[in-house]
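Fit chain B to the supplied structure of chain A, relying on the hints for placement.
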Amino acid sequence: MSEQELDARGLTPITVLRALTGLRRNVGLYPPGHSVIESSTRDFARSLDRPFQDRDRIRIEIVEKTAHLEGYPYRVDSHANADALTELQQLGIECLQIEREVGPEELAATATLLHELGDRAPSERSLRDMLRERGVEGVTMTKLVPVETRSRSYDWPEAPLEVLDPAYGKSLDSAHESIGAIFDGATPDPDALRSLISWVAEQVVDSSSALSQILSVKRYENHTYCHSVNVATLALLLGRRLGLNEEALTTLAESALLHDVGKRQIPTEILKKPGPLNKREWRIIQRHPVIGAGILARASGLEALTPMVALEHHREYKPGGYPDLGDQKPHLLSQIVAVVDTYEALTGARPYREPLVPEEARLILARMAGEKLNPALVKAFVSLVTFFPLGSVVRTSRGEVGVVVDTSESNPLHPVIELVENGTRATGLRMDLAERDGSGQYVRHVVETLPQSAADLKAEPIAASA
Amino acid sequence: MATWDRRRDQYESFAETLAEQGVGSIGTRSANKLEVLDLEIITAERLAQLSEERRARAPEDQLVEGQTVHQAWIQVDTDCDVASIDMVDLAFLLDNQGDLARILYDIAEGGPQSATGAEALRESVAELIELYGSLSPRIAEQRFSDLARTLMTLDDKTRNALTQDVLLPDLLETGKAARLLRLLPEAEIVDAVRTLADLEVGAPGLVKLALDRLALAGDQHTTVADAVGGSIGVDEADPGSPSLSGDGAGRDLEEYTVHELSVGEETVAELALIKTEVEGSDRPTERLRWCANLVRHLRNPDHAEEILKQVEDLLGSWISDGSTEVADWIQEFRTAADSVREYRPEIAELVDNMMLVLCSPDFLLAQARSWADQEASVDESRRLLTAFGPASVDTLIHLLEEEQVRAVRRRLVDFMCENAEAFAPELVRYLSDERWTVVRNVVRIIGFAGLGHEPELAPLVGHPEERVAREVLVALVRIGSPEALDLIAGQLGHTDSSQRAMAEESIRTLPVEDGRRQVRRLLGDPRFFRRYPGLARSLVRQYAPARGGDWNEILRPMLGVRFQLWRPRLMALGWAAAAAMKESRQ
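Chains as they are written, first to last, in my numbering: chain A, 1 to 466; chain B, 467 to 1052.
Don't take each hint at face value.
Claimed, not checked - DEER-style ranges, computed between Cβ atoms: (1) B/E791 / A/G301: 23 to 29 Å; (2) B/P635 / A/E162: 43 to 49 Å; (3) B/P635 / A/G301: 42 to 48 Å; (4) A/E124 / B/P635: 35 to 41 Å; (5) A/D54 / B/Q515: 35 to 41 Å.
Stated by the list, open to error - Covered stretches of chain A, as calculated for chain B (at least 3 residues, CB under 8 Å): (6) 20-30; (7) 123-129; (8) 134-145.
Said to hold, decoys possible - As a list, the in silico DMTMM-like pairs of lysine to aspartate or glutamate whose alpha-carbon atoms are at most 20 Å apart: (9) A/K272 / A/E354; (10) B/K741 / A/E409; (11) B/K642 / B/D678; (12) A/K318 / B/E743; (13) A/K318 / B/E726; (14) B/K642 / B/E596; (15) B/K642 / A/E354; (16) A/K279 / B/E589; (17) B/K642 / B/D631; (18) A/K272 / A/D155; (19) B/K623 / B/E607; (20) A/K329 / B/E745; (21) B/K741 / A/E247; (22) A/K329 / B/E752; (23) A/K372 / B/E736; (24) A/K329 / B/E743; (25) A/K329 / B/E585; (26) A/K329 / B/D748; (27) A/K170 / A/D189; (28) A/K279 / B/D471; (29) A/K329 / B/E798; (30) A/K372 / B/D794; (31) A/K279 / B/E593; (32) B/K775 / B/E791; (33) A/K318 / B/E736; (34) A/K279 / B/D748; (35) A/K65 / A/D119; (36) A/K329 / B/D794; (37) A/K279 / B/E585; (38) A/K65 / B/E501; (39) A/K372 / B/E501; (40) A/K329 / A/E316.
Please keep in mind that the hints were generated in silico from the structure rather than gathered at the bench. Please read all numbers here as calculations on a predicted model, not as lab measurements. Yeah, the Cβ is synthetic: ideal placement off N, Cα and C, and Gly gets one too.
Bound-form chain B, shown alone:
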């Protein structure tokens, strides 16, 4: 019950939840909250009128048999004698159409709503027409007149939408809306029928059918037919054709003419194609397709697990056979898992587990060994491992720690470095791993992934394990962005001399092209060269010579420190800058 309570907004039946929980011997039946409609209390006098009305209705409309669902109750005076009220009775008893429309709307929605009058009317006008059509002719006429007046009080947009979406389809399909439509002003009727004109090309005869069903009185018919006929040529259509609504007529088949149902050559060809496709269905592929779809919708993890086991077997055999399609299907199931991860995490986890089983260490080792043999298999491996996503990363990390696979470890790491961008998003979570060896490998791979990963590496700059710290600096150098360089430069002031030395060394190893740009940025900042004059001097010597006049702008601010005799290292930087400028002029 607790599970069901959580899932009610997913429109799950209690029976379904019970079945999922393995409960087979408890049946349920739903009971609605007792709802007393907020209507005026019905008096005995009004009920007597209802009895008369019931007698006046057509006999078939009084037929009530079989099971009843009581969705609501109404209050009547204690001297009333009535067993039940049906919706047609209510259509008689309620003078206010808004009340009835709201009740119908609430019933359709499955409970009380706070719909506006226009909204309720729009949603329930077809039912209102149906109910009013069941009343005795005199009362029905009154109700339809009231409804027509109410419609005219709606704004044009709402009324037009209602006419096009509800009244015209109803007029063409059942003809019942005619009783309402013919009570509207002539201009409205003309507008309504004119909207059918657009359909005339594909469905000839619709306007005529509509006019026949409307059965307007003589003058009104002429006026509307003239107005509409002028635009669609209704008058030209077969004047001798008998009325479709004549007494004694059989079933009206006019609409059949709208639909082309003959089996021509084109259809024969399509049917032949269908036969070929059905017979040529690749069953394992289709199985994977519907399993992926089903996994997206299943709610019971036990059921999902059973189905995923079948998928696992099938994909496992495809992997063994070296199928080229398997990567796409692995990706498909990962996508399915991601689509349900938020609201059915247990199902997503099952798919993740299946991926881990499929992407086993043995599978990965076999992949790694095959790279040496065939160049083509690298591409396929890349597709496969990328499709596996987190599973492949987990297994790879696990393998990197295995002593017995040392021989292929290098190959695995190289492979991951080559495809670092694909793996980096999943690797990031391993940056906080307790094993420094794992962290070092991951840092190295992420360095290959390039721009955008600086924030993830930032916390590891100055890592207490020197080998990790060095790898981080190498990774940042490889990234080579201003953010990466700032992180390295930040280490130049480290209290630990070895960290400082590593940072200096890293800056010196910047790639020439990227490095020159970044070094210019560093040296252009007086705070940098005043704080680290030794490093600045070596960078000036390394990058500035023979680079042309564009360095002068960077070097000139350094000239001012040439005579700061009390700071020899700064003074040396000044002279180095002067020498570089002189060299560039020659």
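One chain only, chain A, in its complex shape:
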């Protein structure tokens, strides 16, 4: 029922609250049985007549100086009304519940109790108990406590606190300016974006320190300009792995940089909601590819395929995802951006969760390969990223423990290890985990990585044997 509908029926929570506080005041001013008290009690009872015509109970809430009836807020449009709310809140009453069977004597008893309390309710006894002691069954007064619908949340910074590579830092600054302007409503500036892309292509993609920072856990909000730069960098990395020519790389980088501009029209409270989204919020989020493509399609000077990637970057390899584009497979550029965007999002922070470590993120990519992501592109991307850094200690499916001494780009999950025996690397005892048996199955695989201490490994520089 809308506020207007309730108003039309002459019912507002303010009326009820004013009647209650008025009766309370008169109870203090006049002796019991006085006609003024009787008249006030009748006013109070009359204020309840209408709501009880179609319900057995009314509940009025007072939150943040606003009265609500069954959750709908009502304007407090006079000082006298505001005073009534304040008076009850000072007594610790934030929720007033009245049953249909309530009698006038119960209403009077309630007002009398409130009068006797003085300025505030006792901290050692509940008003509910005190009312019941006086025979008041039809009125309940309680406090309201907000329920936080999540168990924990994080307040991540907007950008990394420390940037390892100055060139990467510069690209973030530049993106903050150009992509920030788009988020503020400006039209994309192709020149500024081209300059940023050149910088990323020439200075960032080849920087191992920048890449390690982008590929590792990112403890900052990753729906910002940083996410755009990171996705563009990873897209360029993957594009180069594919051997794309300069023209295709430029298109790829531009589209990766701008793929999320549609989020500028998604309310911040949804983007930054400290908890999983409900269905309605999720559907609003799902509008961002269309919004983004709309923005980019109307901007001049951009690559022809840039809006397409914004539109398709949440489409799936086996047609699915959003927006609904039927059975069409997304363009391969969109598929490339989808892979790196997924990885970047997983290793980035969210208000309601910690970022995933790279291994977990890659595992999720692997799960998505073939269904949601192009499997060949996932393999190419995973092969780009060092899976088991040289020197890491792993345990195989046969129980051997070894140190990774060599990795293969073509088979990143099956490194060459040097076995550890009694806490010492058995130099010369190497085992290639890429070895397969007669049926084509791997003979061994890594089942876990171990901390160096778990292997009780004596420190030894890996370069000596690598």
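Frame of chain A; chain B shown alone:
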């Protein structure tokens, strides 16, 4: 706000609507309706227990920082002192799991729903496990036991679906469901783990991983392992392998073995193909593709108009260049327009307008002139004009009325007649046009479209403009169906003699083969030949002679009128029938 109110069911944000309306300087923030959960009032005593519980929880589970979203409120007694309650607190405070499940379900749905207990439980069991897992061990154990009991009260189908869709994936991914699964009866655990057996081929080690994560007590482990091992051979797998869940272990990578991520020759070939395809992308074609997709989803007509202008330019240039692909793209955009016509008519109208611009009179005239020169261009024109649909019809009709194009008018009409079936659906609306010349042309074309168009022509039979009326009868003759013939026959009794004459003439001009069949039908009806004996006699003379004995059946009923001397025309029909029968016997 009014626009947004209409579109709320399309899950559009108010910010998006504001932006579409050109409002840039008003920001918005959503506020939920204040919702007080319908739960028992929490007493101070219960809150004291909550404080104890909070102390007993692991420290990291008490971490609450950053922004908070209050989606709901609960009632507590006035002597309670608590600033806020989180969902883990609620998991402690609520003994009834159904209440918590419903709250979780409502939160996920974005508002109060009327879900059944089983439905709410099914949708929120993963969150329940998460929340219970955050409670102190003793309380958590109680809650998991209660949850296990509740699960066993569900029907088998629901419970199995829940196990397969939620509990097993959760067990494999996070291991948290283990605390619930291990409290189920042994038979349930065996069933649950057995469902992983099907995946064993593609993902070896899953069953073992599941058993490791379940960490069942000694006897129970043996029983379940025996039961499951018998069917999948779990006992044969590497007995010396260390437990994955051992203390001090690093990240568990067992699942990696499930996924084949090596870059073999096949992948290299696929990647090479990807490179070729990316570099070989035809940008104008791709642009048209994504523009068509975008038009299907855009809500702002101004934005759609800008994008369609780009499409118009591109298609216009393709038309000028004589591209053979242009018809397909025109059809694609028409399909896009039709898909949004019902709920975003303004966007569909923009596409229609674009079609009208592209299918201009000049374009059509150029097409018509080219038909005379090249036979091949007729086919291409047919594809193009059919793709344009209503736009081409509108322009054609417009052109037919233009004096200065009289020379090619005939050619245009002939073209439309040859392709009448394609144009007829769009032409029908012109049958009610005020200009009789338009109506006559349209009737003529529709006549070529054949069967099925009789109802559309029916209102025009006996049209006050004689040239239209005649064209209608010609069209009906061309259609030649029983329905068409009935319409013509209906005109035989017209009070206007010229209309009658036209109808008679039309019937006489029926094509021989079709006509004979239809005439037999007419003459076989005594009401017809008694009412129109003159016409019947001429039809008998025209169709019956030398047609064999199969006409006798039709003619015989006419013999009885040979001696109705008071009706000479009827009598003449009788004698004509007798003569035809005699002739057929010879």
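Results of checking the hints against the structure:
1. B/E791 / A/G301: 23 to 29 Å: holds (26 Å)
2. B/P635 / A/E162: 43 to 49 Å: For A/E162 against B/P635, whose Cβ atoms are near 37 Å apart, the range 43 to 49 Å is violated.
3. B/P635 / A/G301: 42 to 48 Å: Distance hint for B/P635, A/G301 holds at roughly 46 Å.
4. A/E124 / B/P635: 35 to 41 Å: Given about 50 Å between the Cβ atoms, the range is violated.
5. A/D54 / B/Q515: 35 to 41 Å: holds (39 Å)
6. 20-30: violated (count 0)
7. 123-129: Result for this restraint: holds, n = 7.
8. 134-145: This one holds; 6 residues, not fewer than the three required, reach chain B with a Cβ under 8 Å.
9. A/K272 / A/E354: Holds, at about 14 Å.
10. B/K741 / A/E409: It holds: about 19 Å lies between the C-alpha atoms, which stays within 20 Å.
11. B/K642 / B/D678: holds (12 Å)
12. A/K318 / B/E743: holds (18 Å)
13. A/K318 / B/E726: holds (18 Å)
14. B/K642 / B/E596: Holds, at about 7 Å.
15. B/K642 / A/E354: holds (17 Å)
16. A/K279 / B/E589: holds (13 Å)
17. B/K642 / B/D631: holds (15 Å)
18. A/K272 / A/D155: Cα-Cα ~9 Å, so holds.
19. B/K623 / B/E607: Given that 20 Å is the threshold and the Cα spacing comes to 26 Å, the pair is violated.
20. A/K329 / B/E745: holds (17 Å)
21. B/K741 / A/E247: holds (12 Å)
22. A/K329 / B/E752: holds (12 Å)
23. A/K372 / B/E736: The given pair, whose Cα atoms are some 17 Å apart, holds under the 20 Å limit.
24. A/K329 / B/E743: holds (13 Å)
25. A/K329 / B/E585: It is violated: about 34 Å lies between the C-alpha atoms, which goes past 20 Å.
26. A/K329 / B/D748: Holds - the C-alpha atoms of B/D748 and A/K329 are around 16 Å apart, at most 20 Å.
27. A/K170 / A/D189: Cα-Cα ~18 Å, so holds.
28. A/K279 / B/D471: With Cα atoms ~18 Å apart, A/K279 and B/D471 stay inside 20 Å; holds.
29. A/K329 / B/E798: holds (16 Å)
30. A/K372 / B/D794: Distance ~29 Å between A/K372 and B/D794 Cα, so the pair is violated.
31. A/K279 / B/E593: holds (16 Å)
32. B/K775 / B/E791: Roughly 19 Å separates the two Cα atoms, so the pair holds.
33. A/K318 / B/E736: Distance of about 16 Å is within 20 Å: holds.
34. A/K279 / B/D748: violated (38 Å)
35. A/K65 / A/D119: holds (18 Å)
36. A/K329 / B/D794: holds (18 Å)
37. A/K279 / B/E585: Between A/K279 and B/E585 the Cα gap is close to 16 Å, so the pair holds against 20 Å.
38. A/K65 / B/E501: holds (16 Å)
39. A/K372 / B/E501: Violated: A/K372 and B/E501 sit about 38 Å apart, past 20 Å.
40. A/K329 / A/E316: holds (8 Å)
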